[in-house]
Amino acid sequence: MFSFILRRLWLLVPSILGITLLTFGLIRMIPGDPVEVMVGERTLDPALHAAALHRLGLDKPLYLQYLDYAGSLLHGNLGQSLVTRVNVWDEFTTLFPATLELAISAMLFAVVVGLLAGVVAAIKRGSLFDHGVMGLSLTGFSMPIFWLGLLLIMLFSVRLGWTPVSGRIDLAFDIPVRTGLMTVDAWLAEHNDPANFAGAFKDALAHLILPSIALGTIPMAVIARMTRSSMLEVLREDYVRTARAKGLSPARVIFIHTLRNALIPVLTVVGLQVGTLMGGAVLTETIFSWPGIGKWLIDAIQRRDYPVVQNGILMVALLVILVNFIVDILYGIANPRIRHAK
Amino acid sequence: MRDAKKVLLAASLLAAASYASASGTLIYCSEGSPAGFDPGQYTAGTDFDASAETVFNRLVQFQRGATKVVPGLATKWDVSSDGLSYTFHLRSGVKFHSNDSFKPTRDFNADDVVFTFDRMLNKDNAFRKAYPTDFPYFSDMGMPDNIVKVEKVDPMTVRFQLKTVDASFLADLAMSFASIQSAEYADKLLKDGHPEWINSQPIGTGPFVFKRYQKDAQIRFVANKQYWDKAEGPKVDNLIFAITTDPSVRFQKLKAGECQVAAYPRPADVALMKADPKLHVLTQSGFNVGYLGYNVLHKPLNNLQVRQALDMSINKPAILTAVYQGQGQPAVNPMPPTQWSYNKSVKDAKFDPTKAKALLTKAGFPNGFDITLWAMPVQRPYNPNAKLMAEMIQSDWAKIGVRAKIVTYEWGEYLKRAKGGEHDAILVGWTGDNGDPDNWLNVLLGCEAVNGNNYTKWCYKPFNDLVIKGKSTANVAERTKLYTQAQVIAKQQLPLTTIAHSTVNEPTAKNVVGFKVSPFGLNSFYGVSVK
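For the protein sequence lines, the chains are W and P, in the order given.
Counted from 1, the first sequence has number 186 at position 186 by full-length UniProt numbering; the numbering is strictly sequential.
Counted from 1, the second sequence has number 436 at position 436 by full-length UniProt numbering; the numbering is strictly sequential.
If you're looking for bench data, these hints aren't it; they were derived computationally from the structure.
Note that this is a predicted model, so its numbers are computed, not measured.
Misleading hints may appear alongside valid ones.
[Said to hold, decoys possible] Computed cross-link-like contacts, DSS-like style, restricted to lysine-lysine with a CA-CA straight-line distance of at most 27 Å:
1) P:Lys215 <-> W:Lys202
2) W:Lys60 <-> P:Lys129
3) W:Lys60 <-> P:Lys419
[Said to hold, decoys possible] Derived coverage of chain P by chain W (criterion: at least 3 residues anywhere in the stretch with Cβ under 8 Å from a Cβ of chain W; other residues may be distant):
4) 208-216
5) 275-285
6) 404-416
7) 518-528
[What the hints assert, rightly or not] Pairwise CB distance ranges (calculated):
8) W:Leu138 <-> P:Ala44: 51 to 57 Å
9) P:Ala44 <-> W:Leu128: 39 to 45 Å
10) P:Lys399 <-> W:Leu26: 40 to 46 Å
11) W:Leu26 <-> P:Lys163: 43 to 49 Å
12) P:His298 <-> W:Leu11: 52 to 58 Å
13) W:Ser15 <-> P:Lys163: 41 to 47 Å
14) W:Ser229 <-> P:Lys399: 55 to 61 Å
15) W:Leu138 <-> P:Thr321: 37 to 43 Å
16) W:Asp68 <-> P:Lys163: 53 to 59 Å
17) P:Ala275 <-> W:Gly126: 58 to 64 Å
We treat Cβ as the ideally placed atom computed from N, Cα and C, and that holds for glycine.
Start from the sequences, fold in the hints, and give me the full structure.
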């Protein structure tokens, strides 16, 4: 296992190099520089433009700019936003908890609903429920997030008034930032000062519902379909028939003998869906005014904020790699045969 | 940075302790996160709303909801007879805000004005050296070239010495970028080694005190209880900007009562908003102009008859219906009717494709010609859908035999190439900065702007002489006469076809009292209350 982890860590080096080269190159291929974008329709004195580019270090040849960037990365320095002048690491750590909270909540929704729907659809194969779940998951998979998000808001927030429209908490609560996770911070605030923050935790949870459904629908659909097909395959295995013949309870057969073995491909999908979640977070965060890294990156691309784009994407990419790495290790736990093979 | 975090945490704890009831709170659904809170560094309304309009004041200010310049931190001013010297008499007893790291020991005085302008003018200013930044708006208004010096005459008097007479100077000083900073706070930041906090923890004299900013989520302000202007001061205890980038979501939040004022509605939503009994839509003719510029350096657009033919073949009412969805009015002059010196007697040529075709034939183009028509890739207040507008113009021109090829680039590239004069005809526009006619006629059509905002590249001496004379004349009646004549020449020579002034709509909840739509597209919340 140790050598496996080392090997995987070693593979990170070319991945990081590739990501930095790609983001560095791609953002510079978009025409316009940060100074031009800020000035817009106004007149930009060429001398002032040149002075501003010099101040930002953008007048150097591209390879030197890349070497500067790589050098500061090696020193653990992610640089400063060209627009807000705040350290990229500080901005990332301020915004990331919001994305993390949303991603965890969306993933929980996707896994719980997706697994249950997949299992039941497999057991009741060919039934109305099976067709309904598979039809719905196909619809969920095909729906654009921004459209689904707006529909959810119009139905549940405006028409029925069940959930808030957007944001992370009612702005009447000025929750002190402790962890950056609003549900945790709201719970802490309510716990420490019940007079001023009564109902804050419940309100934070209510704000999570719609964005989690909007973001989690596509992964949920994928997981439901994958669980169903994987379960159907395992249900045909001899050892399942043996388990049944032994007189084990149906629940034990399904959840211990079948589901555990059917989980391997599902886990792979869950790992891969982290990438989808990160991509979807950009849209979900925009619709639900969720202050996370998705919105931050879009804004940075529009403003040509090179250090934010380069390092923000690097952070997200590292996160996706890390989650898939953890999934690889989880394989071994879910299925000892894999562990032994390694 | 760790210190900064501690301060932010302390500030947020303090803010939490002062949690107030919703009755004294106004929530504004704003359109985006500000880049920072130092108004001198930025050019966008999003940045100014969050700093200049809340935290800061200027020597002179625009009357709320109007373009008139009124006293701000200066109670009065004298202009020398040669028009080159402006002496400002400052308001006494004005208090700067305080926060956890700064408590002012003195009231506002001349040192603050001198510091504010010296930082923008002088590259060797100690603060600017410690925290290097650019001042694009200040430069764009030509101030570094024209201000010779800013001097303290006595603690409550400041004098600006100019190189050339500039009739719009006072209006320029009322603009957001000229917000007055505290010299004492700047000294402290410099001493503490945190000059960058000027952009994240602003200290001003304005109606609202900055409390806390959470990127992409919210900005919190509280009322400045010591504000100097009791009549136009803060009328709510808490002002919160709920940052909501999507216009449809802003509308839904307004409907659900999660905010009381929403920025920039989609034109398509305005009718629904007007029909909603809980909402009120404030409407004002926009202080902007969307136009089609002809590059007069390119053939055949150098020919006046060709420009006339192209102009009269465009169906403006159809564009107003389809592109502006009724939220606009036809533009006749390159400035809106609300701008003083607007010439009402100037009229558009009648829409007449037959006459246009005859004119083209007369100009030597019986079979038309090929032309590029540039369409902006972005939505702007003066043009909500340039692509559709370009398609409609293309179709109008096809009827007289002119074959237009629609060209578009990414926005930064578009402007760069257009400034370089690569286009034939171009869709672009302008939003007024300071309520001065020079800001339209000279900026858009003057000879000195040919390499800048004058996308028509039209440099016509009779016109230019009038606008230059207008800029160097202090007398308003005289200036009005000059600009009125200039508009006649612009219509005769047609370097551009003015299309529309978009209507600015600002939806609010019915219980919001006293909100006024700014002609400059800014959002101010002093003097605004919630019933």
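To see whether the hints hold, each was checked on the structure:
1. P:Lys215 <-> W:Lys202: With a Cα-Cα distance of about 23 Å, the restraint between Lys215 of chain P and Lys202 of chain W holds, given a limit of 27 Å.
2. W:Lys60 <-> P:Lys129: Judged against 27 Å, a Cα distance of about 22 Å means the pair holds.
3. W:Lys60 <-> P:Lys419: Holds, at about 24 Å.
4. 208-216: holds (count 4)
5. 275-285: violated (count 0)
6. 404-416: holds (count 7)
7. 518-528: It is violated, with 0 qualifying residues against the three required.
8. W:Leu138 <-> P:Ala44: 51 to 57 Å: Given a distance of about 43 Å, which is not inside 51 to 57 Å, the answer is violated.
9. P:Ala44 <-> W:Leu128: 39 to 45 Å: violated, 55 Å
10. P:Lys399 <-> W:Leu26: 40 to 46 Å: Since Lys399 of chain P and Leu26 of chain W have Cβ atoms about 43 Å apart, the given range 40 to 46 Å holds.
11. W:Leu26 <-> P:Lys163: 43 to 49 Å: Since the Cβ atoms of Leu26 of chain W and Lys163 of chain P sit about 46 Å apart, the hinted range of 43 to 49 Å holds.
12. P:His298 <-> W:Leu11: 52 to 58 Å: holds, 56 Å
13. W:Ser15 <-> P:Lys163: 41 to 47 Å: With a Cβ separation near 58 Å, Ser15 of chain W and Lys163 of chain P fall outside 41 to 47 Å, so the hint is violated.
14. W:Ser229 <-> P:Lys399: 55 to 61 Å: Once the Cβ atoms are compared, 59 Å apart, the range 55 to 61 Å for Lys399 of chain P and Ser229 of chain W holds.
15. W:Leu138 <-> P:Thr321: 37 to 43 Å: This hint holds: roughly 40 Å between Cβ atoms.
16. W:Asp68 <-> P:Lys163: 53 to 59 Å: violated, 40 Å
17. P:Ala275 <-> W:Gly126: 58 to 64 Å: Violated: the Cβ-Cβ distance is about 49 Å, outside 58 to 64 Å.
This entry does not satisfy hints 5, 7, 8, 9, 13, 16, 17, going by the numbered hints stated previously.
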